[in-house]
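Undergrad: Spelled out, the chains give:
Number of protein chains: 2
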Amino acid sequence: MAVARVTYRIETAGDIGRMAEKIASDQSTGTFVPVPGETPDLKARCAARVSGIRMLDPHERPAFPQDAVPGGTYSRADVDIDFPLEVIGTDIAALMTIAFGGVFSVRGLSGVRIVGLALPPEFIRAHPGPAFGIAGSRRLTGVYGRPLIGSIIKPNLGLSAQDVGAVTRELVEAGVDFIKDDEKMMNPGYAPLADRVRAVMPVILDHEQKTGRKVMYAFGIASADPDTMMRHHDIVAEAGGNAAVIPINAVGHGGMAFLRKRSRLVLHAHRSGWDVLTRHPDLGFDFSVYQQIWRLLGVDQFQVNGIGAKYWEPDQSFLASFHACMTPMLDEADRALPVVGSGQWGGQAPETYARNGGSIDLLYLGGGGIMGHPGGPGAGVRAIRQSWEAAVSGVPLETYAREHPELAQSIAAFGKTGVS
Amino acid sequence: MAVARVTYRIETAGDIGRMAEKIASDQSTGTFVPVPGETPDLKARCAARVSGIRMLDPHERPAFPQDAVPGGTYSRADVDIDFPLEVIGTDIAALMTIAFGGVFSVRGLSGVRIVGLALPPEFIRAHPGPAFGIAGSRRLTGVYGRPLIGSIIKPNLGLSAQDVGAVTRELVEAGVDFIKDDEKMMNPGYAPLADRVRAVMPVILDHEQKTGRKVMYAFGIASADPDTMMRHHDIVAEAGGNAAVIPINAVGHGGMAFLRKRSRLVLHAHRSGWDVLTRHPDLGFDFSVYQQIWRLLGVDQFQVNGIGAKYWEPDQSFLASFHACMTPMLDEADRALPVVGSGQWGGQAPETYARNGGSIDLLYLGGGGIMGHPGGPGAGVRAIRQSWEAAVSGVPLETYAREHPELAQSIAAFGKTGVS
Chain A
1 MAVARVTYRI
11 ETAGDIGRMA
21 EKIASDQSTG
31 TFVPVPGETP
41 DLKARCAARV
51 SGIRMLDPHE
61 RPAFPQDAVP
71 GGTYSRADVD
81 IDFPLEVIGT
91 DIAALMTIAF
101 GGVFSVRGLS
111 GVRIVGLALP
121 PEFIRAHPGP
131 AFGIAGSRRL
141 TGVYGRPLIG
151 SIIKPNLGLS
161 AQDVGAVTRE
171 LVEAGVDFIK
181 DDEKMMNPGY
191 APLADRVRAV
201 MPVILDHEQK
211 TGRKVMYAFG
221 IASADPDTMM
231 RHHDIVAEAG
241 GNAAVIPINA
251 VGHGGMAFLR
261 KRSRLVLHAH
271 RSGWDVLTRH
281 PDLGFDFSVY
291 QQIWRLLGVD
301 QFQVNGIGAK
311 YWEPDQSFLA
321 SFHACMTPML
331 DEADRALPVV
341 GSGQWGGQAP
351 ETYARNGGSI
361 DLLYLGGGGI
371 MGHPGGPGAG
381 VRAIRQSWEA
391 AVSGVPLETY
401 AREHPELAQS
411 IAAFGKTGVS
Chain B
1 MAVARVTYRI
11 ETAGDIGRMA
21 EKIASDQSTG
31 TFVPVPGETP
41 DLKARCAARV
51 SGIRMLDPHE
61 RPAFPQDAVP
71 GGTYSRADVD
81 IDFPLEVIGT
91 DIAALMTIAF
101 GGVFSVRGLS
111 GVRIVGLALP
121 PEFIRAHPGP
131 AFGIAGSRRL
141 TGVYGRPLIG
151 SIIKPNLGLS
161 AQDVGAVTRE
171 LVEAGVDFIK
181 DDEKMMNPGY
191 APLADRVRAV
201 MPVILDHEQK
211 TGRKVMYAFG
221 IASADPDTMM
231 RHHDIVAEAG
241 GNAAVIPINA
251 VGHGGMAFLR
261 KRSRLVLHAH
271 RSGWDVLTRH
281 PDLGFDFSVY
291 QQIWRLLGVD
301 QFQVNGIGAK
311 YWEPDQSFLA
321 SFHACMTPML
331 DEADRALPVV
341 GSGQWGGQAP
351 ETYARNGGSI
361 DLLYLGGGGI
371 MGHPGGPGAG
381 VRAIRQSWEA
391 AVSGVPLETY
401 AREHPELAQS
411 IAAFGKTGVS
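Line order of the protein sequences matches chains A and B. Heads up: the first sequence begins at 1 in the working numbering, then just goes up one per residue. Heads up: the second sequence begins at 1 in the working numbering, then just goes up one per residue.
The hints are simulated quantities; they were obtained by calculation from the structure and are not laboratory data. Do not take every clue at face value.
Same chains, same names: a pair is fine if it fits in one copy or spans any two.
Taking lysine to aspartate or glutamate and the EDC-like style, the derived pairs with C-alpha atoms no more than 16 Å apart in a straight line are [what the hints assert, rightly or not]:
#, residue 1, residue 2
1, 43, 163
2, 22, 82
3, 210, 173
4, 261, 227
5, 43, 86
These figures come from a predicted structure and were not determined experimentally.
Working from the sequences, and respecting the hints, build out all of it.
TA: Set out below in structure tokens:
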């Protein structure tokens with residue numbers, strides 16, 4: 001019988017084995033009291049089962065501070081629990097509620113983090129997955145053999161539609177492959193989406209006519225109301241746009257599922273709010289788990305920070321996220337293009353390439369490294385391309401910079417301090 | 001100018017005032033570097049502003065353990081930040097992404113919890129709110145002057161549709177006002193929703209014919225796909241059902257918004273997964289913030305645990321949640337009926353009533369206290385009603401039990417050990 005295997009990293013002042021059994025029971029057929037209807041046959045078909053326990057070093061302090069016990073130590077283990085597909089079915093709402101939701105409420109657990117999810121093919125096949133993914137992102141931009149290079153409209157918020165059009169023109173002329181609205185930009189009164197589309201798309205289409213290359217612009221179409229989001233989608237698609245930024249946590253599974261079924265756009269996921277679910281190392285979720293759900297729902301491009309990001313996230317966590325997006329669930333088409341951003345100016349390219357498994361399948365987002373380049377945005381884009389050429393050919397950046405003045409300028413401007 | 005005020009409880013080894021300013025800037029017009037377009041005029045219209053800082057006692061340890069600094073202490077404060085409506089608009093996805101999402105990623109914050117949200121009337125009025133709420137829940141069940149008393153189908157999962165019908169009959173005959181599917185029960189192959197509706201609704205309608213009282217049955221209609229959820233909604237509504245259980249985090253804002261616009265059912269919210277956002281006292285969200293969003297989206301009934309719950313949540317947290325649901329945003333119609341559950345058998349009624357502000361506007365869910373009552377489920381329901389009569393009239397339970405044998409039996413059976 002097919003099962004979904006969920007791995008929980010649990011922590012308790014009590015007994016690990018008993019806690020594992022309690023989770024398996026509470027999350028499936030069990031309740032606090034034995035009830036007459038919970039027959040052996042029902043349990044055999046429907047009960048979740050503990051299929052593995054791997055002990056970890058104990059902790060001296062509990063992850064939830066209120067769960068401290070005097071003189072306590074906190075045993076830790078990775079616990080695998082198998083949920084029969086008979087019970088979960090193939091609906092993500094059921095998976096979330098049965099396997100993920102309840103565990104965080106269990107008394108006596110002083111910490112719990114969901115660190116693994118192995119879904120059976122029957123579950124995966126029930127979902128659309130990315131419509132474009134890596135191959136579609138390359139096809140639409142015509143970029144092969146190197147990372148896509150993109151930028152973000154700045155300031156985040158407050159620009160008029162006309163100003164957004166002007167920044168777009170500058171970035172398009174600089175040679176970027178991709179531009180996005182800030183994830184916080186949706187449909188404000190001072191720059192409604194329809195006006196931004198009217199200001200931006202002629203620039204994109206004009207450039208396409210001249211060069212044969214269509215820059216992908218991801219518009220902020222999101223709304224908590226799927227009908228509104230779909231209206232926004234249509235405005236973009238009808239104007240010839242081909243991408244959208246979706247702050248996935250703000251629209252939720254329902255918003256994403258609704259959009260994916262009807263969408264003609266590349267769906268670029270921003271994780272805003274994700275950190276609350278992952279930043280404490282002993283609580284919440286690993287990205288490897290979270291991203292599977294959103295890829296099933298149709299994310300094409302997934303923001304994952306980068307080496308030396310400006311946020312809290314350490315490099316190792318970024319690299320694990322990158323790897324997760326690039327790992328097929330069933331096949332290569334279900335991968336999401338990793339979007340590498342935050343404080344990137346090209347200087348991180350060699351380390352990114354060396355540590356990501358030698359992949360150039362990524363969208364590299366530069367903000368300050370492009371707009372703040374001493375030679376202007378065009379030089380900024382060329383510098384980032386050069387840094388990736390150096391990285392892929394294994395030539396140190398400084399060496400490559402001898403023949404590539406834009407890269408040399410970037411190193412001089414950002415090499416010591418970053419782009420901030 | 002109208003603003004949304006968000007209160008962040010922040011913790012940092014650095015300077016509180018500088019951190020507050022950084023959050024206000026990053027979450028609105030700012031980026032890591034000053035950019036030419038961020039003009040004074042743009043800032044005046046669109047920038048978020050720190051409007052209050054109230055220092056709290058420092059902590060010796062950081063909430064995020066990796067943010068420990070040698071010999072550090074961690075300053076704490078409640079920081080109010082005002083976001084102009086000009087920037088946020090009235091979309092919940094924008095509110096989430098601008099005011100809530102990014103703050104958890106800020107480097108240098110060793111902890112952050114969103115503890116306050118004051119939305120302007122313009123924002124609130126843009127949303128439907130509950131279609132039924134407290135008044136509608138009373139009207140549909142015909143219960144006035146006391147709490148609604150409800151129960152849950154057990155075992156949670158695994159029963160055939162026929163078995164669900166049989167348990168329903170037992171509960172209906174016992175005199176409950178409300179029955180619900182477990183939040184984990186949606187549309188499994190062994191008991192599809194359509195079959196459960198066919199097994200349950202004749203029992204409900206038959207009882208209504210005989211007694212004039214229609215028991216409210218909340219069916220598990222949820223799906224991560226709003227179209228599927230809506231099909232499930234229609235199955236219930238067309239069979240004469242009047243309520244649905246929605247695991248709100250699993251369907252997300254989009255799923256809830258989509259459903260609310262089209263729904264004819266009372267929407268009973270289960271918070272499964274919420275604990276990961278609130279259990280660590282220095283991270284995540286207060287329920288007072290979270291529940292506002294979901295009430296705007298249309299939650300009619302909100303599960304909030306209860307006194308002496310079986311989960312981790314302390315009584316004080318339950319009481320705060322109860323109070324939050326009962327606090328009007330604009331007027332009384334936008335309140336959600338608090339659903340008091342988890343380990344409830346009636347014994348907690350006096351304390352619930354004394355500490356909830358003397359309110360009987362609640363749905364009191366008994367599982368084991370009803371099904372496991374020594375005199376049978378009917379006696380269990382009568383015992384719970386009696387416990388509330390005692391609570392409201394200020395008579396100690398033991399005194400009231402002298403004249404009320406079902407309550408006396410409950411006290412004997414559950415008084416020492418609870419219902420587990």
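Undergrad: Does each hint hold? Answer for all of them.
TA: Going through the hints against the structure:
With identical chains, the CA atoms of residue 43 and residue 163 are at most 16 Å apart between copies only, with a shortest distance of 15 Å across copies and 62 Å within one. When the C-alpha separation of residue 22 and residue 82 is checked against a cutoff of 16 Å, the pair qualifies only within one copy, where the shortest distance is 13 Å, while the shortest distance between copies is 44 Å. Proximity of residue 210 to residue 173 under the C-alpha cut-off of 16 Å is restricted to the intra-copy arrangement: shortest distance 11 Å within a copy versus 77 Å between copies. When the C-alpha separation of residue 261 and residue 227 is checked against a cutoff of 16 Å, the pair qualifies both within a copy, at 13 Å, and between copies, at 10 Å.
Taking CA atoms no more than 16 Å apart as the test, residue 43 paired with residue 86 passes inside one copy only; the shortest distance there is 12 Å, against 55 Å between copies.
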